[in-house]
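Peer 1: For chain A, the structure is supplied; the task is to place chain B on it using the hints.
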Amino acid sequence: MSLSRPVSDKVAVRRSRRSRVWRQDAPLNLALLALALLTYIPFGFVVINSFKDARQFFTQFWLPAFPLHVENYVKAWPIISKSILNSAVYSLPTVILVMLLSSLAGYAFARYRFWGREFLFLAMLILIMLPGILLVIPMFVQVVDLGWVNTPQAIVLPWAAVQIPFSVYLMRTFFETLPTEYFEAARLDGANDLQLFLRVAVPLALPALSTVGILTLLFTWNDIIWPLIVIFERDLQPISIGVLSFSGSFSTDYGTSFAGYVLASLPLIILFSFAARRFMAGLQGGLG
Amino acid sequence: MTTRARDEYTHPGVRRKRLAPAYVPYLFLLPALALLVWFRYTPAFSAVYHSFTDWNGSPGANFVGLEQYRALLQDDIFLQSLRNIFIYTLARTVLSTVMALLGAELIYNLRSFRAGAFWRMVFTVPLVIPATVIFLVWQRIYAGRLGLLNEVLEAVGLSGWVQPWIGQTDTALLALIMIGFPLVTGVAFLVLLAALQNLPSSIGEAALLDGCSGLRRVFAIDLPSIRGPLALVVILGVNAGLQEFAPMLIVTGGGGPINATQSPGLYLYQQAITYGKYGYATAIGTVLMLLTLAFSWFILRSRYRGAHDVAV
Numbered sequence: 001m002s003l004s005r006p007v008s009d010k011v012a013v014r015r016s017r018r019s020r021v022w023r024q025d026a027p028l029n030l031a032l033l034a035l036a037l038l039t040y041i042p043f044g045f046v047v048i049n050s051f052k053d054a055r056q057f058f059t060q061f062w063l064p065a066f067p068l069h070v071e072n073y074v075k076a077w078p079i080i081s082k083s084i085l086n087s088a089v090y091s092l093p094t095v096i097l098v099m100l101l102s103s104l105a106g107y108a109f110a111r112y113r114f115w116g117r118e119f120l121f122l123a124m125l126i127l128i129m130l131p132g133i134l135l136v137i138p139m140f141v142q143v144v145d146l147g148w149v150n151t152p153q154a155i156v157l158p159w160a161a162v163q164i165p166f167s168v169y170l171m172r173t174f175f176e177t178l179p180t181e182y183f184e185a186a187r188l189d190g191a192n193d194l195q196l197f198l199r200v201a202v203p204l205a206l207p208a209l210s211t212v213g214i215l216t217l218l219f220t221w222n223d224i225i226w227p228l229i230v231i232f233e234r235d236l237q238p239i240s241i242g243v244l245s246f247s248g249s250f251s252t253d254y255g256t257s258f259a260g261y262v263l264a265s266l267p268l269i270i271l272f273s274f275a276a277r278r279f280m281a282g283l284q285g286g287l288g
Numbered sequence: 001m002t003t004r005a006r007d008e009y010t011h012p013g014v015r016r017k018r019l020a021p022a023y024v025p026y027l028f029l030l031p032a033l034a035l036l037v038w039f040r041y042t043p044a045f046s047a048v049y050h051s052f053t054d055w056n057g058s059p060g061a062n063f064v065g066l067e068q069y070r071a072l073l074q075d076d077i078f079l080q081s082l083r084n085i086f087i088y089t090l091a092r093t094v095l096s097t098v099m100a101l102l103g104a105e106l107i108y109n110l111r112s113f114r115a116g117a118f119w120r121m122v123f124t125v126p127l128v129i130p131a132t133v134i135f136l137v138w139q140r141i142y143a144g145r146l147g148l149l150n151e152v153l154e155a156v157g158l159s160g161w162v163q164p165w166i167g168q169t170d171t172a173l174l175a176l177i178m179i180g181f182p183l184v185t186g187v188a189f190l191v192l193l194a195a196l197q198n199l200p201s202s203i204g205e206a207a208l209l210d211g212c213s214g215l216r217r218v219f220a221i222d223l224p225s226i227r228g229p230l231a232l233v234v235i236l237g238v239n240a241g242l243q244e245f246a247p248m249l250i251v252t253g254g255g256g257p258i259n260a261t262q263s264p265g266l267y268l269y270q271q272a273i274t275y276g277k278y279g280y281a282t283a284i285g286t287v288l289m290l291l292t293l294a295f296s297w298f299i300l301r302s303r304y305r306g307a308h309d310v311a312v
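Residue numbers (the working numbering), protein chains in the order written: chain A, 1 to 288; chain B, 1 to 312.
This is chain A alone, in the form it adopts within the complex (with noise of 0.2 angstroms):
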């Protein structure tokens, strides 16, 4: 009896600071619910309709239509499936070779100081300012001349050229906070500076190293510009350009266009949901 009054009196307490917290967040998640209502209503308007068929969406416009059309999933599927392998095959490697090439890049500039750092950093950081476009030119000439229209390393080599100065930036910053004694621990133990890179530092910038690998496959998964440009090939088009074939043959069916974009957004948002707190602390990791 004697015990369980104060214990009681905590839950008491601890629940009246909870209503009160919840008593002064309610105007700002009402005005977050708004906002969230907004962003969402355009998707679930294309969840809901993509199982409606042409006369269904003329007829009944806002609600769930019935008898269901789950076939308008399997027209759309052999199109996007396609596309999805294919992004996932210029993807994957693009953001192998980036996670790769900027975390090598980015140890040298935070722990090594040589002849020319800072005139290399500022020319690599300028490319951010470059405008892409500017460049898509020079590149198909070149892209032309190797004969790698419609391969994978046309679009994988350019795409992780985009993506390296600031992945090196985010990779740089991050290396400089990590404290020197564990270089020089590990360097009086004989660690040689291939062995510094691969066993103490990497494995320290796993965050910094997920937030490059998330920004690189979000900009794979949405560039357009690119693939337009140098895959011709209906077949081999990533998912960005795949998802467009939908406005050209299925333009008055409704129902399969939507079921298309569904299954589009799909592969990213599985993942998502697999991993979402290592997605937001890799987003945000190296961010911050």
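These are calculated hints, taken from the structure and not from any lab test.
Please note that a few of the clues may not be correct.
In silico contact screen, one side only, chain B against chain A (beta carbon under 8 angstroms); selected entries [unchecked claim]:
#, residue
1, Y26
2, W119
3, P130
4, F298
Label-pair distances were calculated between CB atoms; the ranges are [to be verified]:
#, chain 1, residue 1, chain 2, residue 2, range
5, A, A281, B, Y26, 44 to 54 angstroms
6, A, W22, B, D170, 17 to 27 angstroms
7, B, V156, A, R55, 24 to 34 angstroms
8, A, L206, B, Q74, 53 to 63 angstroms
9, B, L90, A, W22, 19 to 29 angstroms
10, A, A281, B, P224, 21 to 31 angstroms
11, B, D170, A, G44, 23 to 33 angstroms
A short list of chain A residues far from chain B (calculated; beta carbon distances all over 10 angstroms) [to be verified]:
#, residue
12, V11
13, R15
14, S16
15, D25
16, L35
17, D53
18, P64
19, P67
20, L85
21, E118
22, V202
23, S210
24, N222
25, D253
Model, not experiment: these values are computed from the prediction.
All C-beta atoms, glycine included, are put in the ideal place defined by N, C-alpha and C.
Peer 2: Just chain B now, with coordinates in the frame of chain A:
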């Protein structure tokens, strides 16, 4: 032992010869630099060089001096596209920065940590939806017949406002600017929220003790404290805006009615790919580059004039 190791770091010249040969950092840099020289620096110089030629894709371009630039100044479509992109970039950057800041401030001011994490998640998820899908969805929203926006207007009794938003000259550009509204979702939101959450809480507490709270704190303390990240967000927004090309191509089908949404980026693409006028297209690109560099320089300069500052 420790002092020697520390000496080695602070005076790298002293013992570097034994521990790390001078070429080591260059080896680390080499792969990234090689790729950048191949696919960034060389094309950049090539593009600027070819803007002074009559290049049409085949080898052997004639040097024509400033001829392409003279032609650009007399090209009404190009001038129209410049006007469009200035309006688009200005409105879009202001709107998306303000909305991202609004979302970040609302979450930052929440007392409940769990609610903050929840909302941050809510506004991050749409980031993974492919940009093309967003464009196509908004094309449906703006559609004249059975478009979401027009149906909403009908439903709330504003049928007088119903119009073909992307099919007429006076609303097409505005429609492109508003794509993705309310525009909280984006990297800008994450950058600004991270910057706010990294501020030491003692600043906010001290402000509260001094009777500074609410909106006044936002303007007097929060905004000046996150000037660095804010400048970064604006620079990235302006850079992306000036070379924008995809929404003009996809949503308004290649420049909109009577070039109402024509942009220099799209015009460059059309001149090069459709007409093979590479020299003319690289001149457009060079003008874009000069504009981007000028804007970035302007923003960075005004940023470094401030006394209290936080590194980007």
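Peer 1: Each of the hints needs a verdict: does it hold here or not?
Peer 2: So, going through the hints one by one against the coordinates:
no., hint, verdict
1, Y26, "holds (7 angstroms)"
2, W119, "holds (5 angstroms)"
3, P130, "holds (6 angstroms)"
4, F298, "violated (12 angstroms)"
5, A:A281 to B:Y26: 44 to 54 angstroms, "violated (33 angstroms)"
6, A:W22 to B:D170: 17 to 27 angstroms, "violated (46 angstroms)"
7, B:V156 to A:R55: 24 to 34 angstroms, "holds (26 angstroms)"
8, A:L206 to B:Q74: 53 to 63 angstroms, "holds (55 angstroms)"
9, B:L90 to A:W22: 19 to 29 angstroms, "violated (40 angstroms)"
10, A:A281 to B:P224: 21 to 31 angstroms, "holds (28 angstroms)"
11, B:D170 to A:G44: 23 to 33 angstroms, "holds (30 angstroms)"
12, V11, "holds (18 angstroms)"
13, R15, "holds (14 angstroms)"
14, S16, "holds (14 angstroms)"
15, D25, "violated (5 angstroms)"
16, L35, "violated (5 angstroms)"
17, D53, "holds (14 angstroms)"
18, P64, "holds (15 angstroms)"
19, P67, "holds (21 angstroms)"
20, L85, "holds (15 angstroms)"
21, E118, "holds (13 angstroms)"
22, V202, "holds (12 angstroms)"
23, S210, "holds (14 angstroms)"
24, N222, "violated (4 angstroms)"
25, D253, "holds (13 angstroms)"
Hints 4, 5, 6, 9, 15, 16, 24 from the earlier list are contradicted by this structure; the remaining hints agree with it.
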